[in-house]
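Peer 1: Sequence:
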Amino acid sequence: MNPRKIAAFALGPILGSALGLITLPIITWYFSQEDIGRLAMLNVVISFSTLFFSLGLDQAYVREYHQTECKSSLLKVTILPGLLLLLVTLGVLLSLDNIISNWLFELKSQILSISVAVAVLSAFLARFFSLILRMNEQGIAYSMSQLLPKLLLIVIIGSYVLFSVKKNLTNLLFANVLATLFVCLIFGWNTRNEWLSGMRERIDFTYLKSLLNFGVPLIFGGLAFWGLTATDKILLKEFSDFEQLGLYSVSISFAAVATIFQSVFSTIWAPTVYKWASNGDCLDKLHKVSRYVLLAVIVLFCFAGLFSWVITLVLPSSYTSVQWILIPCIGFPLFYTLSEATSVGIGISKRSSMSMIATTIAFLINLLGNWFLIPSIGAAGAAISTCVAFGFFLVIKTELSIYVWRPFPRLALYSYTIILIFGAIVSCIYGKSYQSSLIIFWSLLFFSVFIFFREELSELYNWARSLFAGVIV
Numbered sequence: 001m002n003p004r005k006i007a008a009f010a011l012g013p014i015l016g017s018a019l020g021l022i023t024l025p026i027i028t029w030y031f032s033q034e035d036i037g038r039l040a041m042l043n044v045v046i047s048f049s050t051l052f053f054s055l056g057l058d059q060a061y062v063r064e065y066h067q068t069e070c071k072s073s074l075l076k077v078t079i080l081p082g083l084l085l086l087l088v089t090l091g092v093l094l095s096l097d098n099i100i101s102n103w104l105f106e107l108k109s110q111i112l113s114i115s116v117a118v119a120v121l122s123a124f125l126a127r128f129f130s131l132i133l134r135m136n137e138q139g140i141a142y143s144m145s146q147l148l149p150k151l152l153l154i155v156i157i158g159s160y161v162l163f164s165v166k167k168n169l170t171n172l173l174f175a176n177v178l179a180t181l182f183v184c185l186i187f188g189w190n191t192r193n194e195w196l197s198g199m200r201e202r203i204d205f206t207y208l209k210s211l212l213n214f215g216v217p218l219i220f221g222g223l224a225f226w227g228l229t230a231t232d233k234i235l236l237k238e239f240s241d242f243e244q245l246g247l248y249s250v251s252i253s254f255a256a257v258a259t260i261f262q263s264v265f266s267t268i269w270a271p272t273v274y275k276w277a278s279n280g281d282c283l284d285k286l287h288k289v290s291r292y293v294l295l296a297v298i299v300l301f302c303f304a305g306l307f308s309w310v311i312t313l314v315l316p317s318s319y320t321s322v323q324w325i326l327i328p329c330i331g332f333p334l335f336y337t338l339s340e341a342t343s344v345g346i347g348i349s350k351r352s353s354m355s356m357i358a359t360t361i362a363f364l365i366n367l368l369g370n371w372f373l374i375p376s377i378g379a380a381g382a383a384i385s386t387c388v389a390f391g392f393f394l395v396i397k398t399e400l401s402i403y404v405w406r407p408f409p410r411l412a413l414y415s416y417t418i419i420l421i422f423g424a425i426v427s428c429i430y431g432k433s434y435q436s437s438l439i440i441f442w443s444l445l446f447f448s449v450f451i452f453f454r455e456e457l458s459e460l461y462n463w464a465r466s467l468f469a470g471v472i473v
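By this note's numbering, the letter at position 15 of the sequence shown is numbered 15, and the numbering carries on one by one without gaps.
Misleading hints may appear alongside valid ones.
Stated by the list, open to error - Straight-line Cα separation of at most 27 Å, DSSO-like style, residue types lysine-lysine; simulated pairs:
#, residue 1, residue 2
1, K209, K350
2, K285, K350
3, K209, K71
4, K108, K167
5, K108, K71
6, K350, K288
What the hints assert, rightly or not - Label pairs and their calculated CB-CB ranges:
#, residue 1, residue 2, range
7, D284, L19, 37 to 43 Å
8, V314, F446, 21 to 27 Å
9, S458, N168, 53 to 59 Å
10, P407, S353, 28 to 34 Å
11, V155, D204, 41 to 47 Å
12, E201, A464, 26 to 32 Å
If you're looking for bench data, these hints aren't it; they were derived computationally from the structure.
Yeah, the Cβ is synthetic: ideal placement off N, Cα and C, and Gly gets one too.
Based on the provided sequences and hints, a complete structural model is requested.
Peer 2: Pasting the structure below:
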């Protein structure tokens, strides 16, 4: 994939996050904290359903795409089993006296239950349609399919404000469900040739069985990671209240800006690292890249620690603590990205079970952390627990990669990881009381990179200067 195509795929996450930052403050001013918390449960069930009901066949589709001649047949055989299972499951749940809305929102409403079902079904279909665009390297279509629903959400929420529409969960959920449905329709239109052709194909059940043998085991690893990232929200709902869940949801939404770094890096990293590995000259390059990623993680943490107060300027006063909860919340995307750079040995050695071990241990740590912390400090406890869990995830995955592949220096990696987690925890719990001291802490940590990463910074400076000189010429 060349730089232009990478940029085309990165355009969607980058501009989508920017639009999200516009929509989020509007929602916090217009809808109650409890309803925003309830909306977070919709995202939890969508992510679970998409993962579980795909039956791992979405991964099988990616693996088999370039090896099969009849790609429309491959699409049908991978999407149909999970789709049928999902339709049956939704049909049963919708017949059980509003069990969906009661469990997710603690409200009995057939409209809410049907809305959730539509969102789940739309997200499932959109997952497979998006894979078609990705495998065909249609980056612009993929990015536009992500951007247009965000614009639609802004238009709907804006119309609510303009026409004084009732501020309730039904309208908030309707706006998000409509955006999700719009994603599905756009993806479906852009890929209509493939799935319309696939409808005419016959299913090869022997081929389906082989795909299931590959895909189903992947579900367990996926569910472990889903548990690692969703436990905090579920236990906040169970052990605290929707108000705390709303506070946490808003914090995560702002922290999601860091996923731009994760998304762009992951898109570029995988093909690059395997190319290096095939040439047999990757160890020094991998260590250098991991140093650059660590540098970026430290800087982004420091920026969050120093400037998180800015978001209070656009949020209601009831969300003041978001500025502190935000800091540990960025631990998930940043530590995960760092682990991608430090654990390439797992992929190179084809020992994917090691990733599942790291995920499972981190999930159990997060489960225990949330269990003990949420009842006492609510959203702050969920943020701290998840940050610590992903810190362990980084260390465990890195050590397992070294075990199955090759060692590399990691004193700086682990030292800074511990310092960042410590700073995030203290900021989250004591930020309001020790704001001046924390500004000093994050400032000193920021300036430390000029000492410990002076070689990397010098290389970046020379690269930027040569690039600028080339543009001027």
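Peer 1: Decide, hint by hint, whether the structure agrees.
Peer 2: Verification of the hints:
A C-alpha spacing of about 23 Å is found between K209 and K350, which places the hinted pair at or below 27 Å, so the restraint holds. Taken as a hint, the K285 and K350 pair is honoured in the structure, with Cα atoms around 20 Å apart against an allowance of 27 Å. Taken as a hint, the K209 and K71 pair is honoured in the structure, with Cα atoms around 17 Å apart against an allowance of 27 Å. Between K108 and K167 the CA atoms are separated by roughly 18 Å; this keeps the pair inside 27 Å, and the hint holds.
For the hint linking K108 to K71, the alpha-carbon distance of about 43 Å lies beyond 27 Å, and the restraint is violated. For the given pair, K350 sits about 22 Å from K288 by alpha-carbon distance, which is consistent with the 27 Å threshold. Against the hinted window of 37 to 43 Å, the Cβ-Cβ separation of D284 and L19 comes to about 40 Å, which satisfies the hint. A beta carbon spacing of about 24 Å between V314 and F446 agrees with the range 21 to 27 Å that was offered as a hint.
The hinted range of 53 to 59 Å is satisfied by S458 and N168, whose Cβ atoms lie roughly 56 Å apart. Distance hint for P407 and S353: a CB-CB separation of about 20 Å, inconsistent with the stated range 28 to 34 Å. Checking the proposed 41 to 47 Å range against V155 and D204 shows it holds: the Cβ atoms sit about 44 Å from each other. For E201 and A464, the Cβ-Cβ distance of about 52 Å falls outside the hinted range of 26 to 32 Å, so the restraint is violated.
Of the numbered hints stated above, those contradicted by the structure are hints 5, 10, 12, listed in ascending order.
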